[in-house]
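Given the sequences, and given the hints that come with them, work out the whole structure.
Sequences listed follow chains A and B, in order.
Numbered per the numbering used here, the first sequence spans residues 1 to 462.
Numbered per the numbering used here, the second sequence spans residues 1 to 99.
Everything labelled a hint here was simulated from the structure, so no lab data went into it.
Treat each hint with caution, since some may be false.
Sample of chain A residues at the chain B side, in silico, Cβ under 8 Å [stated by the list, open to error]:
| no. | residue |
| --- | --- |
| 1 | VAL78 |
| 2 | SER187 |
| 3 | ARG325 |
Short derived list, chain B residues pointing at chain A, Cβ under 7 Å [what the hints assert, rightly or not]:
| no. | residue |
| --- | --- |
| 4 | GLU51 |
| 5 | LEU89 |
| 6 | VAL90 |
Positions of the beta carbon are idealized from the N, C-alpha and C atoms, including for glycine.
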Amino acid sequence: MSAAAVARAAGERLAAADAAGLNATLHWSQPLLDAEAARVDAMPAPGSLAAVPLAVKDNIVTTDMPTTCASRILEGYVSPYEATAIRRLRAAGALVAAKANMDEFAMGSSTEHSAFGRVRHPLDPDRVPGGSSGGSAALVAAGVVPAALGSETGGSVRQPASFCGVVGVKPSYGRVSRFGLVAFGSSLDCISAFGRTVDDAARVLSAMSGHDPLDGTTLDRPAMPVPEALPDLRGLRIGLPKEYFPPDLHPGVAAAMQRTRAVVRELGAELVEVSLPHSAYAVPTYYVVAPAEAAANLARYDGVRYGQRRVGPAGDIHALYQATRGEGFGPEVQRRILVGTYVLSAGYYDAYYRKAQRVRALIAGDFRRAFDSGIDLLLTPTTPTPAFRAGEKTDDPVAMYLADIFVCAVSLAGLPALSLPVGRSDGLPVGAQLIAPFFEDERLLAAAGALERSVAADAEVR
Amino acid sequence: MSIGRDEVVHVARLAELAVHDADLDRLVEQLNRIVDYVAQLDRVPGDGAGELFLPGPREVALREDVPGPVPLTRPPGELAPEFADGFFLVPRHGAMEEP
Numbered sequence: 001m002s003a004a005a006v007a008r009a010a011g012e013r014l015a016a017a018d019a020a021g022l023n024a025t026l027h028w029s030q031p032l033l034d035a036e037a038a039r040v041d042a043m044p045a046p047g048s049l050a051a052v053p054l055a056v057k058d059n060i061v062t063t064d065m066p067t068t069c070a071s072r073i074l075e076g077y078v079s080p081y082e083a084t085a086i087r088r089l090r091a092a093g094a095l096v097a098a099k100a101n102m103d104e105f106a107m108g109s110s111t112e113h114s115a116f117g118r119v120r121h122p123l124d125p126d127r128v129p130g131g132s133s134g135g136s137a138a139l140v141a142a143g144v145v146p147a148a149l150g151s152e153t154g155g156s157v158r159q160p161a162s163f164c165g166v167v168g169v170k171p172s173y174g175r176v177s178r179f180g181l182v183a184f185g186s187s188l189d190c191i192s193a194f195g196r197t198v199d200d201a202a203r204v205l206s207a208m209s210g211h212d213p214l215d216g217t218t219l220d221r222p223a224m225p226v227p228e229a230l231p232d233l234r235g236l237r238i239g240l241p242k243e244y245f246p247p248d249l250h251p252g253v254a255a256a257m258q259r260t261r262a263v264v265r266e267l268g269a270e271l272v273e274v275s276l277p278h279s280a281y282a283v284p285t286y287y288v289v290a291p292a293e294a295a296a297n298l299a300r301y302d303g304v305r306y307g308q309r310r311v312g313p314a315g316d317i318h319a320l321y322q323a324t325r326g327e328g329f330g331p332e333v334q335r336r337i338l339v340g341t342y343v344l345s346a347g348y349y350d351a352y353y354r355k356a357q358r359v360r361a362l363i364a365g366d367f368r369r370a371f372d373s374g375i376d377l378l379l380t381p382t383t384p385t386p387a388f389r390a391g392e393k394t395d396d397p398v399a400m401y402l403a404d405i406f407v408c409a410v411s412l413a414g415l416p417a418l419s420l421p422v423g424r425s426d427g428l429p430v431g432a433q434l435i436a437p438f439f440e441d442e443r444l445l446a447a448a449g450a451l452e453r454s455v456a457a458d459a460e461v462r
Numbered sequence: 001m002s003i004g005r006d007e008v009v010h011v012a013r014l015a016e017l018a019v020h021d022a023d024l025d026r027l028v029e030q031l032n033r034i035v036d037y038v039a040q041l042d043r044v045p046g047d048g049a050g051e052l053f054l055p056g057p058r059e060v061a062l063r064e065d066v067p068g069p070v071p072l073t074r075p076p077g078e079l080a081p082e083f084a085d086g087f088f089l090v091p092r093h094g095a096m097e098e099p
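Encoded structure:
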């Protein structure tokens, strides 16, 4: 099939998704899709992603479409340069089909915090698709695109992947360049991949990966090859961290994990209970570190350099900054900027930020000790519940933050992890999370490929 | 620890954020809830002298501190209509005249 034909079919699916009210896209057009296809059809050797249409979260910069981060403050902003990940995916033959809706500046767990309206869950429009990369997850789950880019700061790909029943992979920190990813929490941010299958996501990740001189935190190691799925899990020791299986786990999630454990055992792996005691503090640690970094990173949106500008009543420069930011940022972004500024302010820095950085080291140390003891991978639920109803948590920020309770610690430790669909509870997908040691992304994907073949992702549990 | 209205106004000023009076009570309540929640970090044992976290291996965070050229995304010649011998060529605005 030519790229031109793929682009036409992708355009029809995008239009149908928009017409159905999914609200998962922020920018796309058939002429741009056709131009992408003409570029790929003219490539002499298009590469590993020849004519694969991808959706891209709207916080990854592209030069042919706006990049708004789903925020009024960046409405209409078009980047003068392209993200390294996008440049590499295009060089591999991928078609950038659409920019996907998201929680504003990637702050949220439900994609209800978009300035351009909430994204609907593809299986139940009254529920959320997860977040913050909810638009990308919904587009893959709805079959609009086979794969998509999201970004993770504290679980923003694995959590929506779990809610939507697709694969979501967060690479090791430093494996994929952050150049061109709009900064939120720079010590946490990772461009990550969604796929209908582990192999789809692995191909996207492989094409994006590798050292980039434009991002000083990428490791100077070669790009990740696409790993072959293992035939089984024999010889692997898989740890079950007891803190991730609390007694009040949603019964559907608990049943799906019980069935997954049985499949893992049938595939020949040894299951071992382990302890990650400091993971209990992952969410509070995250909600100090990430807002602190966000408060610094989002200082650049002041009405002078980017996007929208409002002139305040006093008419001076501070009034311009304050009015632009006060009207341009939505409530969740404002809350996080205020929390971040508070925890970094004189008198509170040691009590909150320094303390959180120390606890972060303890959380990472727990993982290191588990892997050093001979554990090859860890297995946990991705989320404590299946997708929740829209509006259920919007008035309670802490309740919303707790939706990320099983995914935050991995982000704080910089490890590779993925969410794999492992069953349905009352029709809603349930995801299992696999976690690997730092830079063992290939081991993670190869093992997930074996599990994917054997687990009944679409079968009801209970 | 509890955050009052004055503190929220002060932090908003530090963050260059205009906060409307009508939103203040809600913000005070939500920020207190968040700060109370993260305060549980005080329960983590330790004397506060532990190591701070660096993302990734130390080779990334603590590489040689040697300044070098910063690679540009595009060569400078693409940033202006005319570029020669390491200089951007601009239209002549006028000439210095002898008094």
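Hint check:
1. VAL78: violated (15 Å)
2. SER187: Status holds, d = 5 Å.
3. ARG325: With a minimum Cβ separation of about 5 Å from chain B (threshold 8 Å), the hint on A:ARG325 holds.
4. GLU51: holds (5 Å)
5. LEU89: B:LEU89 check fails; min Cβ-Cβ to chain A is 21 Å, beyond 7 Å.
6. VAL90: Constraint on B:VAL90 not satisfied, violated at 20 Å.
Of the hints listed earlier, those the structure fails to meet are numbers 1, 5 and 6, in rising order.
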